[in-house]
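Student: Residue numbers (our numbering), protein chains in the order written: chain Y, 1 to 339; chain B, 1 to 344; chain E, 1 to 319.
Treat the hints with care, as some may be off.
As the list claims (entries may be wrong) - What follows is a list of derived Cβ distance ranges for each label pair:
hint, chain 1, residue 1, chain 2, residue 2, range
1, E, 204, Y, 98, 36 to 42 Å
2, E, 59, B, 23, 55 to 61 Å
3, Y, 153, E, 101, 51 to 57 Å
4, Y, 98, B, 139, 33 to 39 Å
5, Y, 98, E, 118, 55 to 61 Å
6, E, 35, B, 23, 39 to 45 Å
7, E, 194, Y, 195, 52 to 58 Å
8, E, 25, Y, 150, 40 to 46 Å
Calculated directly from the structure, the hints in this document are not laboratory data.
C-beta atoms are modelled at their ideal positions from N, C-alpha and C, and glycine is treated no differently.
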Amino acid sequence: MSVLSARDLRVWYGTSRGPVRAVDGISLEINAGETLGLVGESGCGKSTLGRSILGLLPRGAVIDGELLYDGQNLTELSQRDFRRLRGPEIGLIFQEPMTRLNPLMRISDHFKETLEAHESSLTDEEIRRRSLDALGGMGIPPTRFRQYPHEFSGGMRQRIMIALTLVLRPKLLIADEPTTALDVLVEAQILQILGDLKKNADTALLLITHNLGIVAESCERVAVMYAGQIVEEGAARTVFSQPAHPYTSELLRSIISLKTTELHYIPGAPPDLADPPNACRFHPRCPYAMQVCTAKDPIEVRAETGQRVLCWLHGPEEEIPPGGKAPLEREAIAVAEEA
Amino acid sequence: MAGGQQTTSLRTYALTRLGLALPMVLILLTMVFLLLRVAPGDPITAALGGRLPPEQLEERREAAGYNRSLAVQYLEYLGNVATLDFGETIVDNRPVTRVITQNGAATLELTVVALFVALLVGIGVGLVSGRYRDTPVDVAGRLFGILIYAAPVFFLGFLAQLVFAQWLGWFPTSGRASPVTSYDLDTPTNLFLVDSLIALDFSAFSDVLSHLVLPAVTLGLVTGGVFIRLIRVNVLQTLQGDYIEAARARGLSERTVMWHHAFRNALVPVITVVGLQVALLLGGAVLTEQTFNWPGIGSELIRYLNNRDYIAIQGIITFFALVVVIVSLLIDLLNAWVDPRVRY
Amino acid sequence: MARPSLTRLFGPIREARGVPKWVVIAGIAITIAFVVFALFAPWIAPYDFDTYRTADGVRFPKQGHPSGDHLFGTNVQSTDVLSRVIYGARTALEVVILAVIFSLAVGLPLGLISGYFGGKLDRVLLLVMDSLFAFPYLLLAIVVAFLLSDRLGRGVMTAAVSISVVYVPQYYRVVRNHVISVREETYVEAARALGAKPRTVISRYILQNVIQNVPVIATLNAADAILTLAALGFLGYGIQPTDAAEWGYDLQRAISDAGAGIWWTGLFPGFAIVTLVTGLTLLGEGLNDVLNPVLRRRPIQAVILPERQSRLPAGEAGV
Numbered sequence: 001m002s003v004l005s006a007r008d009l010r011v012w013y014g015t016s017r018g019p020v021r022a023v024d025g026i027s028l029e030i031n032a033g034e035t036l037g038l039v040g041e042s043g044c045g046k047s048t049l050g051r052s053i054l055g056l057l058p059r060g061a062v063i064d065g066e067l068l069y070d071g072q073n074l075t076e077l078s079q080r081d082f083r084r085l086r087g088p089e090i091g092l093i094f095q096e097p098m099t100r101l102n103p104l105m106r107i108s109d110h111f112k113e114t115l116e117a118h119e120s121s122l123t124d125e126e127i128r129r130r131s132l133d134a135l136g137g138m139g140i141p142p143t144r145f146r147q148y149p150h151e152f153s154g155g156m157r158q159r160i161m162i163a164l165t166l167v168l169r170p171k172l173l174i175a176d177e178p179t180t181a182l183d184v185l186v187e188a189q190i191l192q193i194l195g196d197l198k199k200n201a202d203t204a205l206l207l208i209t210h211n212l213g214i215v216a217e218s219c220e221r222v223a224v225m226y227a228g229q230i231v232e233e234g235a236a237r238t239v240f241s242q243p244a245h246p247y248t249s250e251l252l253r254s255i256i257s258l259k260t261t262e263l264h265y266i267p268g269a270p271p272d273l274a275d276p277p278n279a280c281r282f283h284p285r286c287p288y289a290m291q292v293c294t295a296k297d298p299i300e301v302r303a304e305t306g307q308r309v310l311c312w313l314h315g316p317e318e319e320i321p322p323g324g325k326a327p328l329e330r331e332a333i334a335v336a337e338e339a
Numbered sequence: 001m002a003g004g005q006q007t008t009s010l011r012t013y014a015l016t017r018l019g020l021a022l023p024m025v026l027i028l029l030t031m032v033f034l035l036l037r038v039a040p041g042d043p044i045t046a047a048l049g050g051r052l053p054p055e056q057l058e059e060r061r062e063a064a065g066y067n068r069s070l071a072v073q074y075l076e077y078l079g080n081v082a083t084l085d086f087g088e089t090i091v092d093n094r095p096v097t098r099v100i101t102q103n104g105a106a107t108l109e110l111t112v113v114a115l116f117v118a119l120l121v122g123i124g125v126g127l128v129s130g131r132y133r134d135t136p137v138d139v140a141g142r143l144f145g146i147l148i149y150a151a152p153v154f155f156l157g158f159l160a161q162l163v164f165a166q167w168l169g170w171f172p173t174s175g176r177a178s179p180v181t182s183y184d185l186d187t188p189t190n191l192f193l194v195d196s197l198i199a200l201d202f203s204a205f206s207d208v209l210s211h212l213v214l215p216a217v218t219l220g221l222v223t224g225g226v227f228i229r230l231i232r233v234n235v236l237q238t239l240q241g242d243y244i245e246a247a248r249a250r251g252l253s254e255r256t257v258m259w260h261h262a263f264r265n266a267l268v269p270v271i272t273v274v275g276l277q278v279a280l281l282l283g284g285a286v287l288t289e290q291t292f293n294w295p296g297i298g299s300e301l302i303r304y305l306n307n308r309d310y311i312a313i314q315g316i317i318t319f320f321a322l323v324v325v326i327v328s329l330l331i332d333l334l335n336a337w338v339d340p341r342v343r344y
Numbered sequence: 001m002a003r004p005s006l007t008r009l010f011g012p013i014r015e016a017r018g019v020p021k022w023v024v025i026a027g028i029a030i031t032i033a034f035v036v037f038a039l040f041a042p043w044i045a046p047y048d049f050d051t052y053r054t055a056d057g058v059r060f061p062k063q064g065h066p067s068g069d070h071l072f073g074t075n076v077q078s079t080d081v082l083s084r085v086i087y088g089a090r091t092a093l094e095v096v097i098l099a100v101i102f103s104l105a106v107g108l109p110l111g112l113i114s115g116y117f118g119g120k121l122d123r124v125l126l127l128v129m130d131s132l133f134a135f136p137y138l139l140l141a142i143v144v145a146f147l148l149s150d151r152l153g154r155g156v157m158t159a160a161v162s163i164s165v166v167y168v169p170q171y172y173r174v175v176r177n178h179v180i181s182v183r184e185e186t187y188v189e190a191a192r193a194l195g196a197k198p199r200t201v202i203s204r205y206i207l208q209n210v211i212q213n214v215p216v217i218a219t220l221n222a223a224d225a226i227l228t229l230a231a232l233g234f235l236g237y238g239i240q241p242t243d244a245a246e247w248g249y250d251l252q253r254a255i256s257d258a259g260a261g262i263w264w265t266g267l268f269p270g271f272a273i274v275t276l277v278t279g280l281t282l283l284g285e286g287l288n289d290v291l292n293p294v295l296r297r298r299p300i301q302a303v304i305l306p307e308r309q310s311r312l313p314a315g316e317a318g319v
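Using the sequences and the hints given, assemble the complete structure.
Tutor: Below, the structure is given as structure tokens:
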């Protein structure tokens with residue numbers, strides 16, 4: 001059962017330089033109780049995708065395509081209807097916990113206003129009990145309920161933020177780089193908490209991160225995003241062991257582990273989304289780039305190992321013009337790299 | 001547990017802040033002494049020189065102690081200030097403390113009401129302007145702010161007298177009350193609004209109020225211009241805050257987001273600025289009092305300046321210096337109490 | 001050296017768009033208009049600021065209604081209001097330029113020294129300046145004007161000095177804080193590490209950087225200074241009325257006219273003040289918006305999503 005399904009979703013930002021194609025034709029499904037990892041370099045549109053699910057897009061952003069949640073197309077939802085969804089249906093956990101709580105409000109007030117906004121029938125006592133339950137689940141003792149945000153550490157604030165999201169029991173949780181700003185020990189703690197989530201409740205989790213290690217540990221399925229598009233998507237195990245897209249394999253090679261003897265990095269920089277490369281967006285940095293990759297948009301196919309992939313290396317053969325499989329000359333790569 | 005911690009840190013903060021206020025008082029007092037006592041020579045000669053024969057002048061100088069060394073006089077001045085003794089005016093032999101309590105009350109009444117008007121206008125226009133950024137409402141609000149900032153108090157006062165007093169005849173233009181009222185009213189506090197309420201004399205109250213409207217609104221508007229600008233920018237900055245986005249992501253209504261998160265947080269820095277505005281308000285009060293014949297301490301200061309009464313001038317200026325330091329001290333403490341972060 | 005800093009100042013204005021640009025332009029236009037009044041007052045004004053009778057000795061009407069001879073009417077001293085308003089621009093400009101120069105001349109070096117050397121000197125200076133800053137500025141100006149009028153008379157000099165006393169602490173603070181932040185930057189550290197003398201470091205590296213902020217502050221302070229000058233004039237501690245026309249003094253004389261329903265004697269000088277101060281404020285704020293765009297919203301080009309190209313068959317080939 002899919003909780004959320006996106007079909008050909010596009011989110012473009014207006015800027016002074018013209019439109020930025022942050023999300024450019026994405027299709028994706030998240031099932032109930034499932035954890036889907038969304039990985040990619042910073043600036044590839046991951047966070048925009050996450051925000052668009054909650055309708056939290058900046059001024060001047062335009063969205064179209066289909067984003068189905070519970071039978072409604074979110075791209076056509078009014079802000080008023082979105083507000084009812086945010087919280088009890090879809091929750092969002094942010095990257096930077098230090099500044100996400102109102103410094104002038106006690107923790108208790110944050111919970112109170114959140115619960116009152118969605119469940120107006122609750123009594124003060126019920127609000128208190130629900131809040132303390134949620135906080136207790138995150139290991140925050142009741143004695144600290146009436147304290148101010150500045151009295152907590154970063155890791156504790158992130159746990160408070162998670163409790164504040166879970167207190168409404170959302171069906172879908174979007175975690176946008178939830179541990180990036182935290183140190184490693186706290187990171188493990190937070191991931192543990194998120195992992196427990198799907199065991200206890202039937203909550204689906206979209207985990208947005210640039211850290212492949214986190215995805216490998218906690219996700220069943222993974223989608224790899226590059227330049228506003230999903231270039232590969234499939235079971236986490238398969239994607240990690242037999243990556244189909246060259247970008248995925250390059251990403252995997254650049255992970256630093258104890259066994260690393262030499263650092264690998266992907267040459268070139270992530271593309272400018274206001275002016276992305278023609279055809280396949282990865283071709284300027286791709287070690288296997290072919291003639292066709294600069295000429296025609298790649299078509300989504302299913303790789304032999306089962307994952308969806310957006311790359312000419314996997315066909316479809318009949319769409320590749322004659323001579324299209326010849327490797328791209330090195331000069332072309334060098335020029336693209338400089339640009 | 002937490003409460004105990006908080007009060008200790010508030011107390012520590014208060015002590016530190018007090019430690020900063022004392023040198024400031026000392027510096028201001030020293031400057032007042034140097035400017036008004038040392039620079040012009042002695043006050044007796046300055047005020048009465050040429051009007052009295054030299055022997056008499058000398059006699060009075062000696063009686064007042066102006067032939068002693070400046071260091072002694074400086075210490076004596078500090079001692080007097082510490083005991084709130086500001087001396088006696090030369091031209092009309094009034095203790096300066098009486099000038100402060102009588103005329104100062106008139107100024108207090110004027111400035112408090114004006115501050116209220118300023119906050120009302122500033123907060124109202126500022127919040128709306130910031131909330132509806134870049135809309136016509138915002139442009140109008142900003143323009144209003146710039147225009148009233150650019151208008152001198154006495155020009156607004158002139159216009160107000162012309163329109164509301166002369167043409168429409170709604171309000172009187174000068175003084176604190178009509179002669180009948182000031183003759184009849186008992187004035188234990190010298191705050192006429194309060195006094196008329198104590199006496200339960202409502203016709204006096206409305207008379208006093210109608211005298212207060214034009215000066216207070218004029219002074220309040222001019223001061224409000226600064227608040228509009230400040231509050232608008234604060235709202236804009238706060239709306240960019242991460243916790244605003246987080247609040248929206250929890251599905252709070254736009255109303256709650258605005259009132260609980262944006263406006264409230266945007267208004268906290270205003271407390272600090274109110275402190276700074278008190279200095280501006282006092283300056284503006286001098287002008288307003290001159291414009292509307294308001295018998296406040298500013299009018300008295302100008303009168304004593306014109307009479308070259310250095311003792312009165314020194315006393316009044318010293319009083320202003322104390323007021324400024326005390327107000328800024330109180331404001332900082334209030335701020336620490338409201339915003340838990342300040343104490344850290 | 002002057003050229004690059006000028007382009008640095010005017011470049012952004014040319015590039016700025018939308019509201020900030022118009023704000024700056026309106027500010028410049030108003031300011032220039034008043035500068036023209038000031039410079040060419042004798043040619044623009046129909047009469048001298050203190051003329052109260054025609055060439056043949058006929059006295060102008062007292063508090064005469066605006067008319068063909070006197071577009072803005074005449075005041076209680078029978079002088080021409082329009083001429084006084086125009087000559088007032090001259091007085092305002094003289095005083096404000098002097099005041100800005102004086103406050104810069106004192107505030108800038110003090111701020112540089114205080115910020116660069118730090119230590120005890122810095123702390124003492126800071127405390128003194130903060131105390132001055134906290135004091136009601138108008139009262140400070142009045143007291144200084146009162147004390148100086150004994151020595152220098154009530155002229156342009158007295159007014160300019162009294163006003164600059166108010167602004168010295170502001171320049172001092174801005175410059176000091178800026179110096180402290182610049183001092184820690186790597187290129188200044190490097191220069192110091194290489195053994196450059198404090199003088200060299202201050203003048204070559206720090207001053208240039210600090211100078212960039214001066215136009216904005218100077219413009220905004222000039223606006224404020226116009227108000228302070230008018231206030232001094234209103235209270236009778238401005239410029240001797242026989243020496244020059246001054247809007248604040250004219251307004252003081254006009255207050256009693258209001259009671260008689262005479263509006264033209266106060267309205268026009270008042271408008272002159274409001275317009276000039278607004279002009280300078282717009283200029284300063286606009287410059288600030290353009291030069292330090294902290295809260296600026298960049299103009300956004302509207303996004304129009306192109307029609308989807310169907311994935312099969314693929315889009316245009318070649319390029």
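Student: Work down the list of hints and note, for each, if the structure agrees.
Tutor: Right, here's what the structure says about each hint:
About 39 Å separates the C-beta atoms of residue 204 of chain E and residue 98 of chain Y, a value consistent with the hinted range of 36 to 42 Å. The beta-carbon spacing between residue 59 of chain E and residue 23 of chain B, approximately 60 Å, falls within the hinted interval of 55 to 61 Å. In this structure the supplied range 51 to 57 Å holds for residue 153 of chain Y paired with residue 101 of chain E, their Cβ-Cβ distance being about 53 Å. In this structure the hint that residue 98 of chain Y and residue 139 of chain B lie 33 to 39 Å apart at CB holds, the actual value being about 35 Å.
Look at residue 98 of chain Y against residue 118 of chain E: about 31 Å separates their beta carbons, and that is not inside 55 to 61 Å. The hinted range of 39 to 45 Å is satisfied by residue 35 of chain E and residue 23 of chain B, whose Cβ atoms lie roughly 44 Å apart. Roughly 56 Å separates the CB atoms of residue 194 of chain E and residue 195 of chain Y, a value that falls within the hinted 52 to 58 Å. Checking the proposed 40 to 46 Å range against residue 25 of chain E and residue 150 of chain Y shows it holds: the Cβ atoms sit about 45 Å from each other.
In summary, the structure is inconsistent with hint 5 from the numbered list given earlier, while agreeing with all the others.
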